[in-house]
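Engineer: Below, each chain spelled out in residue letters.
There are 2 protein chains.
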Amino acid sequence: MIGEIIAIGNELTSGRVLDTNSRFAAGQLFGAGHEIIAMATIGDSPEEIGRALKRAIARSDFVVVTGGLGATSDDLTNEAVALALKRPSVLFPEVLEKIRRCPAGQSATEMRLLEKLAWLPDGAEVLSPERRMAGYLLIHDHTPVFFLPGVPHEMQELLAERVIPRLALWQGESVRRVRQRVYKIFGRPEIEINRLVGHLEKASPRVRIGYYPVFPEVHLSLTVIDGPPATPAPAPSATTSIDTTANLFDRLAAQIEAALGDCIFGRDEETLEGVVGCLLRTRAQTLALAESCTGGLIAGKLTALPGSSAYFSGGVVSYSNDLKEKFLGVGHQLLLAHGAVSGPVARAMAEGVRERAGVDLALSVTGIAGPGGGSAEKPVGTVYFGLATLERTLDFLYRFAGDRRQIREIAAATALDLLRRHLLGKLLQP
Amino acid sequence: MIGEIIAIGNELTSGRVLDTNSRFAAGQLFGAGHEIIAMATIGDSPEEIGRALKRAIARSDFVVVTGGLGATSDDLTNEAVALALKRPSVLFPEVLEKIRRCPAGQSATEMRLLEKLAWLPDGAEVLSPERRMAGYLLIHDHTPVFFLPGVPHEMQELLAERVIPRLALWQGESVRRVRQRVYKIFGRPEIEINRLVGHLEKASPRVRIGYYPVFPEVHLSLTVIDGPPATPAPAPSATTSIDTTANLFDRLAAQIEAALGDCIFGRDEETLEGVVGCLLRTRAQTLALAESCTGGLIAGKLTALPGSSAYFSGGVVSYSNDLKEKFLGVGHQLLLAHGAVSGPVARAMAEGVRERAGVDLALSVTGIAGPGGGSAEKPVGTVYFGLATLERTLDFLYRFAGDRRQIREIAAATALDLLRRHLLGKLLQP
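Protein chains in written order, with my numbering: chain L, 46 to 475; chain Z, 46 to 475.
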């Protein structure tokens with residue numbers, strides 16, 4: 046089905062808040078086989094909301110609206126529905142009862158504010174009747190319009206549990222199927238990837254290849270749309286397999302994997318830290334970190350994964366030279382001789398944290414993230430990595446471009462990619 | 046001026062990439078006094094892009110378009126302009142020359158791809174002629190339409206340096222001014238804040254108060270729009286000051302600050318970690334951290350600030366019990382007796398890192414972020430914080446709700462808020 050997403054709120058149109066809901070909804074709906082032709086963001090103006098609603102209903106098979114359903118005075122979505130779709134709000138007694146029943150410890154004033162949530166457009170169907178969560182479905186001109194709260198976890202839950210199953214029932218068997226895979230790539234620029242695999246798009250008009258820089262990664266999506274083979278097949282012999290969607294998809298996927306090789310670190314939902322965690326777990330290796338310029342970023346990414354304590358022991362954020370000596374045993378003379386941002390210090394940091402933590406593998410990062418601290422010899426963006434195992438210690442020098450945030454992010458990703466390559470036995474020579 | 050933002054790319058409508066450009070552009074344009082009435086996100090379809098462009102040009106004073114200007118085959122913005130606005134792409138020799146001059150080490154094939162960037166719509170004015178950056182201005186039906194690249198740092202630079210100054214010239218003196226401030230609040234729910242200050246909106250129809258949960262914070266925006274006092278002023282005596290926009294704004298700001306007190310941690314662009322960093326700097330205090338369940342998140346936030354090495358020494362990510370003993374000197378018996386998630390261990394972690402790092406102040410976090418590891422006595426969301434100074438050590442127990450990511454985020458913010466309150470001498474009693 047063709048859908049449209051509308052996000053509501055002055056906090057979005059004034060740039061105060063980043064709209065993550067539309068992206069989440071688009072990703073889930075795309076994954077369920079729908080196509081989103083447009084996403085609109087509208088301020089808290091009933092007239093503008095109403096215009097966007099009417100336009101979306103007229104041209105799409107379904108509409109998802111997020112935000113503006115709350116109890117505060119700037120929540121105006123229902124007012125817009127009343128105006129634009131001629132559906133005045135009416136009291137839903139069962140919703141009111143649910144609000145009054147919930148022992149959330151509100152004062153009488155707060156309770157009166159919350160009671161606004163029981164007034165919904167005429168004809169609305171409450172999406173989650175058993176729980177106190179805003180969100181309803183309105184079928185207008187035969188088009189399902191889902192109104193979801195702007196609070197991300199409520200929106201996500203309702204979308205996954207109510208909206209997508211409901212749409213699957215709605216569409217019956219008429220859905221146009223796609224096969225899709227996203228390859229996640231680190232260490233090659235978008236334009237080079239395009240050069241390596243761009244010609245594959247010519248295999249069929251049903252094939253689409255997209256390139257998306259998601260700093261510091263590049264994501265490549267391969268999509269094959271179901272349908273008859275577009276070019277008339279040559280007279281099939283007994284041994285020629287028919288180029289079905291599945292065959293075509295598998296053939297292109299194999300060609301992409303061959304062209305990009307090790308630079309592909311993951312697929313679809315996989316993340317760099319997730320892949321590293323999985324490799325550590327399956328190889329029964331334990332890891333510790335010594336982070337200087339990344340200041341805890343890498344540890345933060347690794348510990349975001351549930352169960353990471355099985356392979357990640359922790360580490361030291363040795364932001365000052367003093368802590369490099371005290372917590373990692375880096376020699377004072379070594380620091381003086383080479384400077385904190387140097388190969389020998391990166392190695393000493395990795396060895397220090399590996400020995401003291403008693404782990405199999407340790408990685409260190411020391412560099413100049415800027416904006417200050419650079420020199421002619423070691424400009425901003427100079428970053429050394431150390432990798433210590435039971436057998437040996439290596440160091441790696443990189444020079445990154447960008448601002449402080451970008452240098453820290455690309456340094457953290459490079460560290461994880463070094464670990465990934467080491468665990469796969471495919472480390473590039475320092 | 047009234048503006049509209051259009052973001053282009055299948056990576057956005059399929060949810061693979063989060064659109065941060067629109068939010069950045071909206072924030073900057075709002076700050077410059079413009080009002081954004083809508084933000085649209087469109088896939089890589091020339092027809093849809095064209096329709097959105099024509100609609101925006103018809104109803105807005107200016108339009109900002111981001112994305113789809115690159116060299117790869119899915120960059121179709123110029124094609125849409127040719128179709129919708131009847132402006133075919135023509136070769137801009139000076140752009141071509143600039144591309145060929147740049148010694149970026151491309152192969153001949155890559156260079157041919159890049160040369161696509163020299164074909165721009167008829168009548169386009171290149172925004173940054175001295176550098177190799179996509180982006181142009183097209184004046185169509187007397188409406189300025191700015192086409193900017195989708196790469197965030199290029200877009201941001203062109204918006205700040207070219208678009209906003211150009212719009213300021215365009216609008217002359219007709220801009221409608223607003224005074225605005227955003228208060229950032231931690232530790233109070235949105236509905237309670239609404240209850241405390243919501244009545245202030247009644248002061249004048251020119252006043253708008255908005256509430257935006259930005260997990261785990263709540264942001265409150267106070268906006269006063271320029272204009273004549275809406276209610277006829279009473280006959281002014283010699284001592285009555287006129288309720289100008291500035292007076293009205295200041296009066297309301299003072300009332301908000303009085304009502305919310307210490308819960309306001311910052312204003313406008315301020316962040317919790319930035320406020321803590323500033324307090325540490327002005328009080329000449331040094332800080333170290335011992336993070337368990339937050340796993341480096343707090344250190345990562347503090348070191349994101351340039352110059353943080355002046356007050357932040359670093360710390361230990363003691364994710365395993367072993368590292369709590371080895372790097373922080375937490376007693377083995379203490380861990381056995383109370384468990385790693387306990388007040389005594391939080392205190393020992395804070396004391397351990399403070400003494401070993403030789404700093405003035407240390408903070409520790411140990412808790413259960415989930416989804417596993419909870420018990421009846423210590424459910425998921427149980428988090429202890431330790432705060433060690435030269436004089437004393439305190440511990441604090443919190444129970445947070447949410448998923449793993451939310452618990453880690455709110456624990457990190459709580460830790461920073463405890464530091465903020467300690468440095469202000471306004472610590473709540475544990």
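None of these hints come from the bench; they were simulated from the model.
Be a bit skeptical, because a hint or two may be false.
[What the hints assert, rightly or not] Here chain Z is said to cover these stretches of chain L; the calculated rule only asks that three of the stretch's residues, wherever they fall, bring their Cβ under 8 Å from a Cβ of chain Z: (1) 89-97; (2) 129-142; (3) 188-198; (4) 294-300; (5) 319-328.
[Stated by the list, open to error] To list a few chain L residues with every Cβ distance to chain Z over 12 Å, as calculated: (6) D64; (7) A83; (8) E155; (9) D313; (10) V362; (11) H377; (12) P389; (13) S420; (14) L468; (15) L473.
The beta carbon of each residue, even a glycine, is placed where N, CA and C say it ideally should be.
Engineer: Among the hints numbered above, which are violated by the structure, and what are their numbers in rising order?
Structural biologist: Of the numbered hints given earlier, those the structure breaks are 2, 4, 5, 6, 7, 8, 9, 10, listed in rising order.
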